[in-house]
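Participant: Chain residues, written in single-letter form:
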Amino acid sequence: MDFIGIFSIFVLACFVGYFVVWSVTPALHTPLMSVTNAISSVIIVGALIASAAAGSATSKWLGLAAVVMASINIFGGFAVTARMLAMYKKKAR
Amino acid sequence: MDMQAILSAATGEHGLAVNPWAAVAYLVSGVLFILALRGLSSPATAQSGNRFGMAGMLIAVVTTLLTHAPVDAAGVLDSVSLIEILVAIGIGAVIGIVMARRIAMTAMPQLVAAFHSLVGLAAVAVAAAAYLNPLAFGIADAAGQIHVVSRVEMGLGIAIGAITFSGSVIAFLKLNGNMSGSPIMLPGRHVINLGTLAAIVGLTAYFTQDQSPWVFWTITGLSFAIGFLLIIPIGGADMPVVVSMLNSYSGWAAAAMGFTLGNTAMIITGALVGSSGAILSYIMCRAMNRSFISVIAGGFGGDDAAASSGGSKEQRPWKPGSAEDAAFLMSQAENVIIVPGYGMAVAQAQHALREMGDQLKKEGVNVKYAIHPVAGRMPGHMNVLLAEANVPYDEVFELEDINGEFAQCDVAFVIGANDVTNPAAKTDKSSPIYGMPILDVANAKTVLFVKRSMGGVGYAGVDNDVFYMDQTMMLLGDAKKMADDIVKALSGTGH
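So the protein sequences, as listed, match chains A and B. The first sequence runs 1 to 93 under the numbering used here. The second sequence runs 1 to 495 under the numbering used here.
In isolation and in its complexed conformation, chain A is listed as follows:
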């Protein structure tokens, strides 16, 4: 994809992010942080490419290290978010 195409997606996504995040209820700002933490670990995509590529052993090991770090975040982030969200209960009537 050419740079301007990618850049367009980025700018539009910033606007989407702006409106979506303002609609998040303040009561859920902590889960918002932990879930954004988990999804920003989508950089695991780059880590997986590096660990699978031939050509540079250092690059491969850096990739594998990044896979471990990103996985901690993905599993930890989603799990702790789920744990918190399960605590939010409505009044029993």
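A couple of the hints might just be wrong.
[Stated by the list, open to error] The calculated lysine-lysine pairs, modelled on BS3-like cross-linking and capped at a C-alpha distance of 30 Å, are:
1. B/Lys445 / A/Lys91
2. A/Lys90 / B/Lys362
3. B/Lys426 / A/Lys91
4. B/Lys488 / A/Lys90
5. B/Lys368 / A/Lys91
6. B/Lys319 / A/Lys91
7. A/Lys91 / B/Lys362
8. A/Lys89 / B/Lys368
9. B/Lys445 / B/Lys488
10. A/Lys91 / B/Lys481
11. B/Lys361 / A/Lys90
For the record, the hints were derived by calculation from the structure and aren't laboratory data. Just so you know, these numbers come straight off a predicted model, no measurement behind them.
Starting from the known structure of chain A, arrange chain B on it as the hints suggest.
Facilitator: Coordinates of chain B only, in the frame set by chain A:
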């Protein structure tokens, strides 16, 4: 299996994933991430939102594993490498899930800071891997010269990633108490910081002309240093802003790597997370009436600053009260608003507090909770702590939604909160907290103020006029013990 055919279809000139199906899959995962955040608009939809996020991540990972499976020179699947990758994911999964299960809710800010540091470090590792093996990432020509655009993206990615990492490590140490919350002020730090930032920008520009290793690694080293230098002068009281800000940086780091790889899932996610962190920083700054620049400049709100400034005040009369008095007053009330602050969480009083609320409801009292945006150590922290103690979320209200109700309420029960109730924020222009939005507890008919002693006066080191008002009764003691005693007194007078 002919992996080479899939691989060659998936590898394009700029970036990767030109395979249309892979591109669509990444787009779908980006959309699922948007839906994950969208779900958080209400506690009722939040759990399904979280599942959208997991699905998006699964799609992104599986797509990458399929299009970039490790293959040997003959195009045959390299099962050893694949197993290594799966083991790496497994190790991360175990560590992550154990951390998520074990962490105390009071320690959420530390956990989030630790997670941010991992995103930052992973971004640095990926950028370094891409620098060392650019052909594998499709960002170099046949001679190994990295595209100029990719060099800029890579420089930005590594700089933001490294700042996120070292900044988050310092934030973690401060939040976790391994390091004093007091600001550490280096002499000439503004000059050092601006010089370092200028050097990073200059070197990134130079990197487009010369891709020598020393340029790349110097950018990396300086970025690690600046992350450290930026966060050490920031005091404990400003940590909610810092955590939000680092959240934002971790997003921009992911976005920069997304540009390098031409990957829509990473770009969309980076933009979402980047905006999210920026908005949360803004909300936190507004809640403390601090400008973003003054937070970054640092020096505000050390742990010790509060204690030292308490000496020179005149003694004013105040009314002490006991747990029995408080129990009686509240059981006779029609409306009670509970104002919890971080001191309540430190004393682990949230369960006792919820029991007190339950007892009062049994007596027919209408109980609500009022939350100031900076009541906890990170955005929304107090809401999580109350939810953990089984306080229903529809009894918990934000500042702007409940502030008008204090005038009609019989008792405002303030526990572990101080600065966020201080009327000086409205009246005293010389006060360090002037202009900060506060909860108007002073409008209540009676104020019960739980406080450890009449000595220490909150982060900002300001005395609070509410202590000395006619309708205020000071309940001095540990927050948990006080709440427990009130519960006992309430059940004693029970029916």
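Participant: Hints first: check each against the structure and report whether it holds.
Facilitator: Going through the hints against the structure:
no., hint, result
1, B/Lys445 / A/Lys91, "holds, 27 Å"
2, A/Lys90 / B/Lys362, "holds, 18 Å"
3, B/Lys426 / A/Lys91, "violated, 34 Å"
4, B/Lys488 / A/Lys90, "holds, 26 Å"
5, B/Lys368 / A/Lys91, "holds, 12 Å"
6, B/Lys319 / A/Lys91, "violated, 35 Å"
7, A/Lys91 / B/Lys362, "holds, 14 Å"
8, A/Lys89 / B/Lys368, "holds, 15 Å"
9, B/Lys445 / B/Lys488, "holds, 24 Å"
10, A/Lys91 / B/Lys481, "holds, 26 Å"
11, B/Lys361 / A/Lys90, "holds, 15 Å"
Hint check: violations occur at hints 3, 6; the rest are consistent with the structure.
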